[in-house]
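Single-letter residue listing:
Number of protein chains: 2
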Amino acid sequence: MRILLVEDDQRIRQDITTALEAAGFVVDAEANGEEGWYLGDTETYAAAILDLGLPGMDGLTVLKRWRAEGRDFPVLVLTARGAWTERVEGIDAGADDYLPKPFRMEELVARLRAIIRRSGGQANPVVIVGETELDTRQMRLSVRGVPVSLSPQEYRLVAYLMLHKGRVVPQQELSEHLQSVHFERESNAVEVLVGRVRRKLPVALIETRRGFGYIVNEPDGSS
Amino acid sequence: MRILLVEDDQRIRQDITTALEAAGFVVDAEANGEEGWYLGDTETYAAAILDLGLPGMDGLTVLKRWRAEGRDFPVLVLTARGAWTERVEGIDAGADDYLPKPFRMEELVARLRAIIRRSGGQANPVVIVGETELDTRQMRLSVRGVPVSLSPQEYRLVAYLMLHKGRVVPQQELSEHLQSVHFERESNAVEVLVGRVRRKLPVALIETRRGFGYIVNEPDGSS
DNA sequence: TCGGGTCTGTCAGCGTTTTGTCATTTTCAA
DNA sequence: TTGAAAATGACAAAACGCTGACAGACCCGA
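So the sequences go chain by chain: A and B. Residue numbers for the first sequence follow this note's numbering, so the first one is 167 and each next one is one higher. Residue numbers for the second sequence follow this note's numbering, so the first one is 167 and each next one is one higher.
Hints are supplied without guarantee of correctness; some may be wrong.
Treat identical chains as interchangeable: a pair holds within one or across any two.
With a cut-off of at most 20 Å between alpha-carbon atoms, the simulated EDC-like pairs for lysine to aspartate or glutamate come out as follows [what the hints assert, rightly or not]: (1) 267 to 174; (2) 331 to 181; (3) 331 to 297; (4) 366 to 207; (5) 267 to 200; (6) 331 to 342; (7) 331 to 301; (8) 366 to 301; (9) 331 to 174; (10) 267 to 201; (11) 331 to 272; (12) 267 to 209; (13) 366 to 297; (14) 366 to 209; (15) 230 to 200; (16) 331 to 209; (17) 267 to 339; (18) 267 to 342.
Quick caveat, the hints were computed from the structure, so don't treat them as lab data.
Please put together the full structure from these sequences, using the hints given.
Here is the structure:
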């Protein structure tokens, strides 16, 4: 389930991204209005979260343009507290819901799931690859119905790979995503982690693409 | 069971929210009439509690608009003491019941349950997980039919987890929800509380997901 | 008003798990 | 074949959650 997030505040963007990923979504986060618009115009998303008041291109404009071009994925608009006008405009422009700042992350996730569900998409918290099942609500991984006990870091690794299944994920992206504050090039932390996970799994889930990164794929899938 | 509460008085809103949550409802509380209307129009609620005399948009108008657009969830109207006219108008506008201020919280909850039941929705006050039973009406937890004596805080913890069963609840969410006015980073209050509850329960109900939070789950482990 | 009991948050200590690093070996693609 | 990339085993520091003890706040009955 892929979500587009357009929000200029670096801090908020990070927080939301983290929360959504924890909730099992895949997030494309973008700070700039124009770029956000372009992404929404060219990629396929289950929903978008749009902050009004963006650099580059105003949020409302972004939304109107999408709608004008027939992009109909649900959009959740973030507004400043009490800015009632913004909300009205947002709704008029084709927003599906709005959320006044500040908000609680749980609420954001709940609302997002709501508009996705309403739009016909299903905000399924479960990802399945072969015999492996990832339940993002329970934060649990199981193989053939048997839960696998993973440490937080291990879980995050698997979750990230599974949510991005079918795509080669570079080591650097992983190590950045595991939010360890280390960019240390000379660290094989990810490799070690992958090893640990593999030892715990009864099936070969994570494939190595030597020189590129790791990938989780459907069993029959070839690249 | 999700309830929409539209009430401008901050104090009353808080009280009702607390009472309803204690009773096992999930509450969206809103102070502004217009925002309340929007929520009721776009979200799905089991019922709404509506104060007349709101800023933004008058309560009666909100109600009429909902009904005009076919929203038929039951609505409980709060009226000022002796404002007989309001009641008549409220009923005419499509309210299912009214409650004159001031009122007792228990009465509010009872009436709310009544209109929900009448409307076909089931306001089930009982949550069952394995051998554990949470009766939100009596605010009582029992295991194998034997009541467990819990302190208020302990009860809230268990209730919250049980009402969110099948989902990992982060410690932070818990500590926020227990409305302790502390955002204190380094506080192990939740851990202590969990420990106390566990000691009182004859069964393993609360599972720890190290690094993530706590979860209450059906014994077999499917959500 | 006093005294005992309960509730709740803090703290320090403890054992366990987790995680990054390092040295070394293995593997693979060019 | 060969050198870089990845896997592995071992290790130690750090993180995490649990527990018992404690003290202030609060409630209630005498």
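Taking the hints in turn, this is what the structure says about them:
1. 267 to 174: Result: close both inside a copy and across copies, 14 Å intra and 19 Å inter.
2. 331 to 181: For residue 331 and residue 181, the Cα distance exceeds 20 Å both inside one copy (23 Å) and across copies (25 Å).
3. 331 to 297: Within one copy only: 14 Å inside, 25 Å across.
4. 366 to 207: So residue 366 and residue 207 fail the 20 Å test inside a copy (41 Å) and across (48 Å) alike.
5. 267 to 200: For residue 267 and residue 200, only the inter-copy Cα distance (17 Å) is at most 20 Å; the intra-copy one is 22 Å.
6. 331 to 342: within (18 Å within a copy, 32 Å between copies)
7. 331 to 301: both (15 Å within a copy, 14 Å between copies)
8. 366 to 301: Intra 17 Å, inter 30 Å, cutoff 20 Å: intra-copy only.
9. 331 to 174: neither (28 Å within a copy, 35 Å between copies)
10. 267 to 201: Between copies only: 14 Å across, 23 Å inside.
11. 331 to 272: between (25 Å within a copy, 15 Å between copies)
12. 267 to 209: The answer is between: 19 Å across copies meets 20 Å, while 27 Å in one copy does not.
13. 366 to 297: within (14 Å within a copy, 32 Å between copies)
14. 366 to 209: For residue 366 and residue 209, the Cα distance exceeds 20 Å both inside one copy (35 Å) and across copies (42 Å).
15. 230 to 200: For residue 230 and residue 200, the Cα distance is within 20 Å only inside one copy (13 Å; across copies 23 Å).
16. 331 to 209: This pair counts as within: shortest intra-copy Cα distance 17 Å, inter-copy 32 Å.
17. 267 to 339: For residue 267 and residue 339, only the inter-copy Cα distance (18 Å) is at most 20 Å; the intra-copy one is 30 Å.
18. 267 to 342: between (28 Å within a copy, 18 Å between copies)
Violated hints, listed in ascending order, are 2, 4, 9 and 14; each of the other numbered hints is respected by the structure.
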